[in-house]
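A.B. asks: Taking the hints into account, I'd like the entire structure generated from these sequences.
Single-letter residue listing:
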Amino acid sequence: MDPKMDSGIVSTYYSVEEAIDNGAAPVPLSFDRTIDIQRVIDIMDHLLACEATWHRGGSLAQTVFSCIYLLRPDRTSSHVLMHSFCRVIRTTCNALVQAVSDARTNEEEDLFIMAYGLPLKVDGDEKCLSILHAVEETLSRQLKACKAPLSKRRVVEDVEPLQTSLEFEEGFCRAVLCRLRFRKVGGGGIEECGGGKMVRFLTFGKLLCAQHFYHVLTCMRRPQGKGLELAKKHIQSCLSELDSMLKSEEFLRHTCACGTLEDGIEDKTTASGCQPIGFDSTLNSRSAAPTPPRAIKLLSWKKAVNYFQKLLHDLEIICSYSLDPILEDALRFVVDFQKFQPDLVARAYVQLLLVQDGKLYGREPLFAVICKAALLHEGAKNHDVQKNETVTQLGQLLISLLRLLCTNTAWQRRKLGKILQDWRIIYVQLELAFRKEFGDITSTSIDQNVCLKICKHILIWVEEQTYWIALRFLVLGFELELYSTSEYCMVYWYIYVILIKLAEKTHLKMMLSNDSGRRKSKKKRDYVKDMGKDYQIPPAVSLLQCYIYVAEGLMMMLASLRNENKMFLCLGPFNSEQERFMQHFELLQKACLPDHASYFSFRETISNARFSTLSMYNCFKDAQRIAKELRGNFANDPDRMAELRRIEQVAEHNSVALNLLCQLGNIEPSLKFSFEFIHHPHFAVAAVKRS
Amino acid sequence: MEEGKAEFEESEIEYVSYGGEHHLPLIMNLVDQELSEPYSIFTYRYFVYLWPHLSFLAFHKGKCVGTVVCKMGDHRHTFRGYIAMLVVLSPYRGRCIATELVTRSIKVMMESGCEEVTLEAEVTNKGALALYGRLGFIRAKRLFRYYLNGVDAFRLKLLFPRPDPNYSESGIPTGVEAQGLGDGIPAEENLLL
Chain B
1 MDPKMDSGIV
11 STYYSVEEAI
21 DNGAAPVPLS
31 FDRTIDIQRV
41 IDIMDHLLAC
51 EATWHRGGSL
61 AQTVFSCIYL
71 LRPDRTSSHV
81 LMHSFCRVIR
91 TTCNALVQAV
101 SDARTNEEED
111 LFIMAYGLPL
121 KVDGDEKCLS
131 ILHAVEETLS
141 RQLKACKAPL
151 SKRRVVEDVE
161 PLQTSLEFEE
171 GFCRAVLCRL
181 RFRKVGGGGI
191 EECGGGKMVR
201 FLTFGKLLCA
211 QHFYHVLTCM
221 RRPQGKGLEL
231 AKKHIQSCLS
241 ELDSMLKSEE
251 FLRHTCACGT
261 LEDGIEDKTT
271 ASGCQPIGFD
281 STLNSRSAAP
291 TPPRAIKLLS
301 WKKAVNYFQK
311 LLHDLEIICS
321 YSLDPILEDA
331 LRFVVDFQKF
341 QPDLVARAYV
351 QLLLVQDGKL
361 YGREPLFAVI
371 CKAALLHEGA
381 KNHDVQKNET
391 VTQLGQLLIS
401 LLRLLCTNTA
411 WQRRKLGKIL
421 QDWRIIYVQL
431 ELAFRKEFGD
441 ITSTSIDQNV
451 CLKICKHILI
461 WVEEQTYWIA
471 LRFLVLGFEL
481 ELYSTSEYCM
491 VYWYIYVILI
501 KLAEKTHLKM
511 MLSNDSGRRK
521 SKKKRDYVKD
531 MGKDYQIPPA
541 VSLLQCYIYV
551 AEGLMMMLAS
561 LRNENKMFLC
571 LGPFNSEQER
581 FMQHFELLQK
591 ACLPDHASYF
601 SFRETISNAR
611 FSTLSMYNCF
621 KDAQRIAKEL
631 RGNFANDPDR
641 MAELRRIEQV
651 AEHNSVALNL
661 LCQLGNIEPS
671 LKFSFEFIHH
681 PHFAVAAVKR
691 S
Chain C
1001 MEEGKAEFEE
1011 SEIEYVSYGG
1021 EHHLPLIMNL
1031 VDQELSEPYS
1041 IFTYRYFVYL
1051 WPHLSFLAFH
1061 KGKCVGTVVC
1071 KMGDHRHTFR
1081 GYIAMLVVLS
1091 PYRGRCIATE
1101 LVTRSIKVMM
1111 ESGCEEVTLE
1121 AEVTNKGALA
1131 LYGRLGFIRA
1141 KRLFRYYLNG
1151 VDAFRLKLLF
1161 PRPDPNYSES
1171 GIPTGVEAQG
1181 LGDGIPAEEN
1191 LLL
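In order, the protein sequences belong to chains B and C. Sequential numbering from 1 applies to the first sequence in this note's numbering. Sequential numbering from 1001 applies to the second sequence in this note's numbering.
Accuracy of the hints is not assured; some may be wrong.
Covered, in the sense of this in silico footprint (three residues per stretch, anywhere, with C-beta under 8 Å from a C-beta of chain B), are these stretches of chain C [to be verified]:
1. 1005-1014
2. 1102-1114
3. 1145-1158
Covered stretches of chain B (chain C as the covering partner; in silico rule of three or more C-beta atoms under 8 Å from a C-beta of chain C) [stated by the list, open to error]:
4. 236-242
5. 304-314
6. 410-424
7. 578-587
Because the hints were derived from the structure by calculation, they are not lab data. Note that the coordinates shown come from a computational prediction; the quantities given were computed from them, not determined experimentally. Backbone N, C-alpha and C define an ideal beta-carbon position, used for all residues, glycine too.
C.D. replies: Structure follows, in structure tokens:
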């Protein structure tokens, strides 16, 4: 038997019933009430570790539902605390399975939503709000009672303590309370919080009606992002309960019933360090629930708490988003969000926010979004051209793109490469459709002009968007570490040619829009005069120009190192650089992005690169200059300002490196060159080391 | 001698093609010891029975110290070679044994008409990534949590030049030169920039 493959074969018990008969999950957990409460806390902690492991790619059956108490819901009914906690866990898992299924972001992690045969939804779980509140109320009283000075104890003496050791009462009450509050669930959904029912909760112990994890999840699913503000408040409460949980660790370790704490406390799945009772990860391997053929390692309790902290911070970023109706900003938001490397759950929620009912944020029809992105006037969004089938398809393509941008970056890059073809095809289809449309629906010359304008703008936008996708495809290669240093030269060449096309299309789109704007507002004579006088390149285009210079600089610097010093060459016994080029850019080449870009044009561009010529024309200096000039344009946008700073650092660093290389002439063999991403995730800086 | 490293001359290593059932336990032992993925005996048999000429073993004084297991076949209209397992015992690493093993397999694939060769490697396996990079493999894709241990993988690909004489402008070197395949530890580095 292979120990790596044993989990399907080896199990302690044949069935859940056998495990229960053997006393694996007693109710109560102990007749000693102190031990009972300690065990409950351990189970709560272990479930947190299970849940985090599930979120990170484990199966539900092997993690959360390795808990026997969860598998047999009726058994806990006499133990109010356990019973309500189990309900909360099931309800939360159910909400998450629902969200990830709806988002369909599950990619390769399709294990996440596999819950077949598991009691994920149990009758009565929906009522857990009231039960939980009752439990929490009792606990609050117990805490209050044990904290009260002796003289006042009489007032609260009807309150039975949580367990038997008086000295530990406060510690246990606090430990249980923060764990419960973190979980607290809003059975009927968050709708209850907005209305009159909130009052009922507010009167109770001054606790907010909903301050916990499940509420975060339900608030975030309210249509059109209407619950985001409330969700943000709950996130803060959740984070503070997690802090309290961390603080309870010392107390729980101290009172730990399992005696001595052995080594490896960092790996423990409970705050106390004790092994929890009532779990068996092999139980489900014999049932219908899907379990992979291998045992998994659970995250430790500490790591689980850290995971939830990270998740909540990621969700907070989503909740703080302004739901900008401008597509470009929405795209930038999701791209920036991905830089935090959010896990599946956060990615599912960002997708659910972006795309609802086939609309952006559930409120902006796709055609209106496209019109705005294409810089068309407000009235265009109501034009009949949107009824055209190909235009509808374009909307679908945009939805797919938005969804795709929420998936994990590895999967995303592969799919982005594939959809490039679709965007090329839709361009051709739109051209044909618009021609037909133009003949069919336009009877008057005014109609013709309006329709022509819409078509023109949309076509340019489609091209621009296609190049945007191509650029994202290329730069993601750096984030995923797909390129080796010897391939950087060709990658920067490709980025350079794509950026040029992107800048060209963006500029064209903006000029078209300015053009019609000015035509409207000015007399023809003034308009012609203005054209030459005060035309300024729009900041968005200048920023792209800045990237173009950096990409060009890097490409030429690498090319010179190759040509003059025979460094970073793609040599191998079985193929040449051409095959590497073809493989890396196959999908771009298939989609003719851009036209005529080939390995031969790459070779032609770089073949004459020499440091002697580069010293006369240093692209990095131009990049630096533009970046500095642009500061004024983006002063109100901290993210763009940070990006400008990064790009300036890259340009500055490489400018110095280039000067040094030009002066060095023949490079000694003891000098080692490398390219590092210390300032920017996509634009490297040259580093020279003496070995 | 470096700690944990075997002392031997490269000429002492003997490379043999898979020779039959007696080689199977040797291959299985090596793979089970060194690779994270679990394989059943059926997996091993699948490879070595169907493509015995693509599997090689490396011996040092009668002891099996490395192996490569491969297959080839049609994949979406492409005749493709696939490197399933490549293992060299830790004390024997850094001496080009893996390069020699895998090169032998790739040569057979090339001669058999394969258009490309692929494999997966853990993103953390720097040694393997460097080895395949030197042989001309590119990192074509990243596969999210590909392995059962939760680690991502790279799909590595080696495209052979097309036979068309007009296709390539540069000459394709033939035969493997073990250029820079040693694992020399770099001297202390001083940052200049």
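A.B. asks: Indicate, hint by hint, whether the structure satisfies it.
C.D. replies: Hint by hint, here is what the structure shows:
{"no.": "1", "hint": "1005-1014", "result": "violated (count 0)"}
{"no.": "2", "hint": "1102-1114", "result": "holds (count 3)"}
{"no.": "3", "hint": "1145-1158", "result": "holds (count 8)"}
{"no.": "4", "hint": "236-242", "result": "violated (count 0)"}
{"no.": "5", "hint": "304-314", "result": "violated (count 0)"}
{"no.": "6", "hint": "410-424", "result": "holds (count 4)"}
{"no.": "7", "hint": "578-587", "result": "holds (count 6)"}
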